[in-house]
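Chemist: Chain by chain, the residues:
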Amino acid sequence: MNHSWDFATIFQNWPVLWVGLKGTLFIFLVTVVLGLAGGLVVGVCRYAKSQALKWPAMAFVEVFRNTPVLVQIIWFYYAFPILTGIEVNPFLAAVLGISLNTMAFSAEIYRAGIQSVEPGQWEAGKAIGMTYNQTLRRIILPVAIKRVLPALTNRGIEVFKMSTLASVVAYVETLNQAKLIADLNFNPIEAYTAVAVIFFVVLYPVVQGTYVLERILRKSD
Amino acid sequence: MSEIVRIENLHKSFDKLDVLKGIDLSVSAGETIVLLGSSGSGKSTMLRCVNFMEVPSDGRIYLHGDLIGSEQNGRMNYRESELCTLRTRIGMVFQHFNLFPHMTVEQNVMEGQLTVLKRSQTEARDKARAQLERVGLADKALEYPARLSGGQKQRVAIARALAMDPDVMLFDEVTSALDPELVGEVLKTMRQLAEEGMTMLVVTHELGFAYHVANRVLFLSDGAILEQGEPQQVLKAPKTKRMREFLDGHSLFKLPD
Chain A
10 MNHSWDFATI
20 FQNWPVLWVG
30 LKGTLFIFLV
40 TVVLGLAGGL
50 VVGVCRYAKS
60 QALKWPAMAF
70 VEVFRNTPVL
80 VQIIWFYYAF
90 PILTGIEVNP
100 FLAAVLGISL
110 NTMAFSAEIY
120 RAGIQSVEPG
130 QWEAGKAIGM
140 TYNQTLRRII
150 LPVAIKRVLP
160 ALTNRGIEVF
170 KMSTLASVVA
180 YVETLNQAKL
190 IADLNFNPIE
200 AYTAVAVIFF
210 VVLYPVVQGT
220 YVLERILRKS
230 D
Chain B
702 MSEIVRIENL
712 HKSFDKLDVL
722 KGIDLSVSAG
732 ETIVLLGSSG
742 SGKSTMLRCV
752 NFMEVPSDGR
762 IYLHGDLIGS
772 EQNGRMNYRE
782 SELCTLRTRI
792 GMVFQHFNLF
802 PHMTVEQNVM
812 EGQLTVLKRS
822 QTEARDKARA
832 QLERVGLADK
842 ALEYPARLSG
852 GQKQRVAIAR
862 ALAMDPDVML
872 FDEVTSALDP
882 ELVGEVLKTM
892 RQLAEEGMTM
902 LVVTHELGFA
912 YHVANRVLFL
922 SDGAILEQGE
932 PQQVLKAPKT
942 KRMREFLDGH
952 SLFKLPD
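Residue numbers (our numbering), protein chains in the order written: chain A, 10 to 230; chain B, 702 to 958.
Simulated from the structure, these hints should not be mistaken for laboratory data.
Yeah, the Cβ is synthetic: ideal placement off N, Cα and C, and Gly gets one too.
Honestly, I wouldn't trust all of these hints.
[Claimed, not checked] Residues of chain B placed beyond 10 Å of chain A at every Cβ, according to the derived structure:
(1) S758
(2) Y763
(3) E781
(4) R788
(5) H803
(6) E812
(7) G813
(8) A858
(9) R861
[As the list claims (entries may be wrong)] Derived DEER-like restraints, expressed as beta-carbon distance ranges:
(10) B:Y912 x A:E71: 39 to 45 Å
(11) A:A61 x B:F954: 42 to 48 Å
(12) B:R848 x A:Y213: 46 to 52 Å
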């Protein structure tokens, strides 16, 4: 235990990390939007009366919830092109793995939210002549989403950290760039510590923000 | 007087349980009919069949003489779009108000007008204001339901139903979830509606309301109408033992005169 910390090489290579952080933020934005929006669609289908919507949605959720994201990314990158002949670049493989998994998890969150809305709300919509879809869109979802917002922001934080898995297929993001720095400068301890610090610095204020959001939402109830 | 609703041989069963066993009723314009009966007698189910919240197992329902649904091979068929249109013409108020919590009082009253009747924002707002005025809550238009008392919530729910310009209003035990001191304001609103000529079907345990406001009282027992007639006659001189027992149960602990 006599490691002498030396972050000088990290600071010298800051532009390399900065490129990585931009890659992290980009893939986060794409996967969080796809994952949470797609999850809403799957979650609604999961709750639908129509068996033709319900069963595929259920199968989707079970497949992607019960397989590791890391394996999915590797599978989309190495196996999928061989099976289908369709070229998949690192970005696409990582986006598929992370957003499909996020869709599956958030679908369950939305479904729980929809189920938490009192049956009387469906009845009230129906009684003034609204169709199932109108009641769902205008009455049930706004109430449900407000209720599950804390769980959804939690998912978002999870997605942000999951983005590091994209490094396994050499997508240019923070962890991948740190690995590059470590290999060239023989300083893995500092390089990977820097990654952890960067993630903490970005996420901590965001998480604090979500607490404020939760408090505001509770107040309006 | 013209007939608004006609119910013929209405049956409803849930799985093996027969809740309604053949009900016939004709409701004239401007009439207030009170449905009485013990819990499990089928009075709420009957009410809920009129606007197809529950789809009848058998029988026919007519609105303004038009048969709801179409008959195929001896069975009634109902299209969802037809039922949605029907429900805009039959207002319903529930025991638990069921106001939309994420909308203001005014938005609650505007919602059906905008989404279903496709009225303009201005028209819907004017109409909402007018109906809130009618139930005495014009000053609460911009509040959220969570800030209202139970009685106020129920009057908003009445305004929400009235804003659709229904031909009939259904009231399903609308005062049963209220504190006793708030029951009066809701009954007063309902009486005012009756006096304005609204056609109403009311399921309630408020015998005083039935006595003073109803044109006709129906007593349901075991899924069928056991007695009916003018309130003075049915409530003061019941013909059946079952009805007498029901009325006695309601006046066990009356204050002495």
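Chemist: All hints, please: hold or fail.
Modeler: Structure-based check of each hint:
| no. | hint | in the structure |
| --- | --- | --- |
| 1 | S758 | 19 Å, holds |
| 2 | Y763 | 19 Å, holds |
| 3 | E781 | 7 Å, violated |
| 4 | R788 | 4 Å, violated |
| 5 | H803 | 5 Å, violated |
| 6 | E812 | 7 Å, violated |
| 7 | G813 | 3 Å, violated |
| 8 | A858 | 8 Å, violated |
| 9 | R861 | 7 Å, violated |
| 10 | B:Y912 x A:E71: 39 to 45 Å | 60 Å, violated |
| 11 | A:A61 x B:F954: 42 to 48 Å | 57 Å, violated |
| 12 | B:R848 x A:Y213: 46 to 52 Å | 36 Å, violated |
Violated hints for the displayed structure, listed by number in ascending order: 3, 4, 5, 6, 7, 8, 9, 10, 11, 12.
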